[in-house]
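Q: Protein chains in written order, with this note's numbering: chain A, 4 to 127; chain B, 4 to 127; chain C, 244 to 342; chain D, 244 to 342; chain E, 1178 to 1293; chain F, 1178 to 1293.
These aren't lab readings, by the way, just hints derived from the structure by calculation. For each residue, glycine too, the CB sits at the ideal point set by N, CA and C. Fair warning: there could be bad hints in the mix.
[Claimed, not checked] List time: in silico DSS-like cross-link candidates among lysine-lysine, alpha-carbon distance up to 30 Å:
hint, chain 1, residue 1, chain 2, residue 2
1, A, K9, A, K98
2, E, K1247, A, K67
3, D, K292, D, K327
4, C, K327, B, K67
5, D, K297, A, K66
6, C, K286, B, K8
7, E, K1247, E, K1179
8, E, K1259, C, K332
9, A, K57, D, K322
10, C, K297, B, K66
11, D, K327, A, K98
12, B, K67, F, K1259
13, E, K1259, A, K66
14, E, K1270, E, K1247
15, C, K286, A, K89
[Claimed, not checked] Chain B stretches covered by chain F per the calculated footprint, using a threshold of three residues with CB under 8 Å from any CB of chain F:
hint, region
16, 60-66
17, 108-116
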Amino acid sequence: MSEQKKTKVMFVCRTAPYGTIYEQEAIEAMIMFGAYEQDISVSFVGDGVFSLKKGQDTSLVGKKNFSMTYPILIDDFEISHIYVEKESLEERGLKEDDLATEVEIIDRNTLKQKMDEMKAILPF
Amino acid sequence: MSEQKKTKVMFVCRTAPYGTIYEQEAIEAMIMFGAYEQDISVSFVGDGVFSLKKGQDTSLVGKKNFSMTYPILIDDFEISHIYVEKESLEERGLKEDDLATEVEIIDRNTLKQKMDEMKAILPF
Amino acid sequence: MLHIIKKSPYESSALSDAANYISQNDILLLTEDGIYAAKKGGKLEGFLKGIIQKNQVYCLLADVKARGIQENEIIENVKIIDYKGFVQKVTEHNPMTWS
Amino acid sequence: MLHIIKKSPYESSALSDAANYISQNDILLLTEDGIYAAKKGGKLEGFLKGIIQKNQVYCLLADVKARGIQENEIIENVKIIDYKGFVQKVTEHNPMTWS
Amino acid sequence: MKLGVLVKEGPYMHQAIDTAYNFIVAAMEEGHEITSVFFYNDGVYNRCSTLEPPRDERNIMKLLTELELKGVRLIVCVAAGKRRGIVNQTVCKVEEISGLGQLLELCITSDRMITF
Amino acid sequence: MKLGVLVKEGPYMHQAIDTAYNFIVAAMEEGHEITSVFFYNDGVYNRCSTLEPPRDERNIMKLLTELELKGVRLIVCVAAGKRRGIVNQTVCKVEEISGLGQLLELCITSDRMITF
């Protein structure tokens, strides 16, 4: 399929991990989507940025730690971009160092421009 | 059963109607509880006060209008008290006139004192 | 873009989160419990008025009526549309739901 | 009373609603996504510190760890307790969950 | 236009499926095509075959059957369904169960994707 | 102490049942009695008999069976269950289904009621 014909889809992740299943099921969808050779990107906005916090240890709550998946989304699952909103990080007292994986930290206006280019936006 | 032995239970309704089912299922529980001759009260706090707004017409959303039940909770279903928090009404621009039924409008501190007397609090 | 809100602004950050992403030519649609943002006299009235100065704001008739809000209780310049109007807005703008 | 919070203060009004009802001798327990209220450096740090000045505030160890928050990232004077500590607080105070 | 629909919340608990239903009916009346309705997260519960709401309340199963009869394709995510117990024995129609690839397919083939 | 538990959210979607489970285990270890666990609202989904979570994920049905074996009584609200399709054919145990009066009974007989 030629580059031009790829469909641009963005997951917009706005929820914190573990309190609800949204983030986990969003990742499950990202992984499946990666296999179809489209242009899939992921953005973290609002409480979604907490999903990337490093050092997660879910042993005492009895849940699966899915934060391990973020570092391999791009290389193993063909996700095009992982964007994180700068302002949301700052409001929550998080720095780049606090994140479990390498991401593109961009400001709201820049992220909005990316959203405007999408064919479909999937909020989680 | 003597007055002293009645169990004091309070429903604390904090959610707006129709967007979620919490208020409707709270009412269903209130109606059942009324039959057991205990001391059941209901309080509306935060967005819960919107449940009492008069003039609800659910015909276009296809849902049941359950606001008709509030005016008969005390007389028909033996609920002891319906309290509404004054500050929550004010913050939402609602006056006593806007409500679908007669209630006891009390301030936060007074409502808190009532809560402190309860054996069980059921949040909805 | 069409920004769709379905939670109450008094209990959820959905509207204020969305507000950061409403750029020129974007429109806002209040549905379900999001309707309460359009009610006059509440402490958040000023917030919605700020958005209205720059962008078109709509609210869904069926949800307004369900919640007992009369037309004269709706903040000025918020337009009321029905489900067909909702459909039309979706055809005109790419939708994003802030839930 | 024991006030239990399980939603993030950044997206839900649960904590600020509860704060209106925390009277003398009441205690606050942060669980699940409520944990984020106890994280240092966020824009809501001042809000929790206001509560701590008058009331005991606890957070649940299992939820703190799950969310990758280290002990030194927790606001001072917030006490960390495990599920047994949670149970003990419930036996000492009548619980109310603000969800 | 071709409109794809994603439903993420369960029946009765949230208004999502009611709003989606009314939106879809209006869209079809206006001559638009609904490419499919994909049920994800708690949305899969909308296709549980044993819903028994009180008689004076709307029956969401019937509303969705009505859409099906008008030609709307309903798809229940297999993974989200299994996790919640919406499987072959409990789903309205076994043929509705499908994978997440169908959601991406919807994004590709629809002019607009809307989430409820 | 006698502790009554009310669960209002469904499995996997929310953390409520996980927190409730860990709370109950800790309470029993400390010698407290769990009067019952009452499932209301979406909480009724926790007792759906067909949950099939992935193998590397916790199985909420098994966790609840474990509590039952320790003597904890589980009660599913009949009205909330019917509305959502958790009925005789789909619930883990038919005997668990009961009315809202049981919730009030719990308030009366428990020293504390806690909601998850």
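Q: Against each hint, give a clear statement of whether it holds in the structure.
A: Hint by hint, here is what the structure shows:
no.: 1; hint: K9(A) with K98(A); in the structure: violated (33 Å)
no.: 2; hint: K1247(E) with K67(A); in the structure: violated (41 Å)
no.: 3; hint: K292(D) with K327(D); in the structure: holds (25 Å)
no.: 4; hint: K327(C) with K67(B); in the structure: holds (22 Å)
no.: 5; hint: K297(D) with K66(A); in the structure: violated (34 Å)
no.: 6; hint: K286(C) with K8(B); in the structure: violated (43 Å)
no.: 7; hint: K1247(E) with K1179(E); in the structure: holds (15 Å)
no.: 8; hint: K1259(E) with K332(C); in the structure: violated (35 Å)
no.: 9; hint: K57(A) with K322(D); in the structure: holds (22 Å)
no.: 10; hint: K297(C) with K66(B); in the structure: violated (34 Å)
no.: 11; hint: K327(D) with K98(A); in the structure: violated (33 Å)
no.: 12; hint: K67(B) with K1259(F); in the structure: holds (17 Å)
no.: 13; hint: K1259(E) with K66(A); in the structure: holds (17 Å)
no.: 14; hint: K1270(E) with K1247(E); in the structure: holds (16 Å)
no.: 15; hint: K286(C) with K89(A); in the structure: holds (29 Å)
no.: 16; hint: 60-66; in the structure: violated (count 0)
no.: 17; hint: 108-116; in the structure: violated (count 0)
Checked against the numbered hints given earlier, the structure breaks hints 1, 2, 5, 6, 8, 10, 11, 16 and 17 and satisfies all the rest.
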